[in-house]
Amino acid sequence: MTWLQENWRQLVDYGLAHVWLSIPPIVIGFLVSLPFGWLANRYRVSRGVLLTLGGILYAIPSLPLFVLLPSLIGTKILDPLNVEVALTIYAFALMLRTTADGLASVDGDVKLSASAIGFGGWRRFVEVELPLAGPVLLAGLRVVSVSTVSLVTIGAVIGVNSLGFFFLDGYQRAFFSPVWFGMAGTLLIALVFDGVLVLLGRLLMPWTRSRRGPRARKYGAAQARVAVTSR
Amino acid sequence: MNSYTDAFAWLFSAKNWAGPTGIGQRLLEHLGYSGLTLVVAIVIAVPLGLYIGHTGKGRAVIVPFTGALRALPTLGLVILLALWLGLGLTPPLIALVILAIPPVLAGAYSGVESVNRDTVDAARSIGFTGWGALWQVEVPLALPLIVGGIRSAVLQVVATWTVAAFLPLGGLGRFLYDGLPIRDYAQMLGGSIIVILLALALDGVFALLQRAVTPRGVIAGRISDIRTTTQQSPERKERSWLAPEA
Numbered sequence: 001m002t003w004l005q006e007n008w009r010q011l012v013d014y015g016l017a018h019v020w021l022s023i024p025p026i027v028i029g030f031l032v033s034l035p036f037g038w039l040a041n042r043y044r045v046s047r048g049v050l051l052t053l054g055g056i057l058y059a060i061p062s063l064p065l066f067v068l069l070p071s072l073i074g075t076k077i078l079d080p081l082n083v084e085v086a087l088t089i090y091a092f093a094l095m096l097r098t099t100a101d102g103l104a105s106v107d108g109d110v111k112l113s114a115s116a117i118g119f120g121g122w123r124r125f126v127e128v129e130l131p132l133a134g135p136v137l138l139a140g141l142r143v144v145s146v147s148t149v150s151l152v153t154i155g156a157v158i159g160v161n162s163l164g165f166f167f168l169d170g171y172q173r174a175f176f177s178p179v180w181f182g183m184a185g186t187l188l189i190a191l192v193f194d195g196v197l198v199l200l201g202r203l204l205m206p207w208t209r210s211r212r213g214p215r216a217r218k219y220g221a222a223q224a225r226v227a228v229t230s231r
Numbered sequence: 232m233n234s235y236t237d238a239f240a241w242l243f244s245a246k247n248w249a250g251p252t253g254i255g256q257r258l259l260e261h262l263g264y265s266g267l268t269l270v271v272a273i274v275i276a277v278p279l280g281l282y283i284g285h286t287g288k289g290r291a292v293i294v295p296f297t298g299a300l301r302a303l304p305t306l307g308l309v310i311l312l313a314l315w316l317g318l319g320l321t322p323p324l325i326a327l328v329i330l331a332i333p334p335v336l337a338g339a340y341s342g343v344e345s346v347n348r349d350t351v352d353a354a355r356s357i358g359f360t361g362w363g364a365l366w367q368v369e370v371p372l373a374l375p376l377i378v379g380g381i382r383s384a385v386l387q388v389v390a391t392w393t394v395a396a397f398l399p400l401g402g403l404g405r406f407l408y409d410g411l412p413i414r415d416y417a418q419m420l421g422g423s424i425i426v427i428l429l430a431l432a433l434d435g436v437f438a439l440l441q442r443a444v445t446p447r448g449v450i451a452g453r454i455s456d457i458r459t460t461t462q463q464s465p466e467r468k469e470r471s472w473l474a475p476e477a
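For the protein sequence lines, the chains are A and B, in the order given.
In case it helps, the working numbering puts the first sequence at residues 1 to 231.
In case it helps, the working numbering puts the second sequence at residues 232 to 477.
The set of hints was computed from the structure by calculation and includes no laboratory data.
Please read all numbers here as calculations on a predicted model, not as lab measurements.
The C-beta atom is built at its ideal place from N, Cα and C for all residues, glycine as well.
Be aware that one or more of the hints could be misleading.
Some but not every residue of chain A turned toward chain B, in silico, with C-beta under 8 Å [claimed, not checked]:
1. L11
2. L57
3. V67
4. I73
5. G74
6. I77
7. L81
8. V85
9. S147
10. F167
11. G170
12. S177
13. T186
14. G195
15. V198
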């Protein structure tokens, strides 16, 4: 407890840094995945190509990717941008598959009905397909959020400070407290992010609150699929 | 692109491959630790996953539990166990097994759950026992997803052993940790390239394995499914959610 008294200010600072490092990859990864997810769902060839590409990107281990990026995008090795870009790549790779699956889960008859009453392609996508794919997207986004918050800590190895700093600090000084508080802080951030996403989901998709019937089963299956494919 | 010239010069220099701190030895360490971790994780998680998938028992406990495990920062867990249990292979091994269990477990139980209940009922009705149905019907049909779960775990394990190389055990991550303080970017980049190639190669092997274990009937069934449903409406392709991706 004395450790906390002496270091709470640094803990809060690095916790906030952790939050700020986590948000851009989640948001950008999600937004970029939408058009590519649409493309992956649209044509058989693009589906194969894009999902394979996503799989390959997701297979790259994080620490080596942090080290590789400076040579690709011209940053310095200690630049936080390396971590941001790497985590955005993971978020994109994971969301790409979820978006494609989510859009594929929209009932074909519903899409035909929308077209029949005069929805153009773009409006049908934004107002019909996207909301109906929403629950699946949310499930994927929650996984992305949790894994991003956790992966930010690895950045500490290459000097990008987050709560991960306290892990290395604790190891170097053979001292438990920083590690415990670093872990607790990371879990807390993940939990808060998850809560925010669930809340956003309820606000944006009020119809999902009582999940019963066939859609509930699809949703469950999509979550299972996400559980298998995610790190 | 100067950094690549240096990195490849480092990679293709014979002296960097030989000896107890050479690339060859580090690669063997990395593969050895990763393999050991996977074997332990599979021995624990696959039977448990099959049991949960087959009986439906324990699902309510295990599913949120594996979700929560995913939120654990890998670096923190490795360090926590290293501080707690001291030096040696055991502490990081335990940490990595804990991290490898969720994907393997999820693959196993969702694999068994994804098997059509009618198929299992049919097997039971022609005389299979519960045990027989599990091994001869459910497991073969679940195998692509079980292997898929192991595939995720492989990536996780290879990545985390790289991070865990700050421990005095070696592995390919050593080159990243050794290069960082002395600003030897060629060594760091070279080491990163090997780890990435290793991960991609293993992922490829498991992708092929996943395809190889997909029963022929399942593939045939999927194709005919699409054909019959396209007759109803061109867009109505009910994709099988849990079907392995080619």
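Could you tell me which of the numbered hints above are not met by this structure, giving the numbers in increasing order?
-> 1, 2, 4, 5, 7, 8, 12, 14, 15
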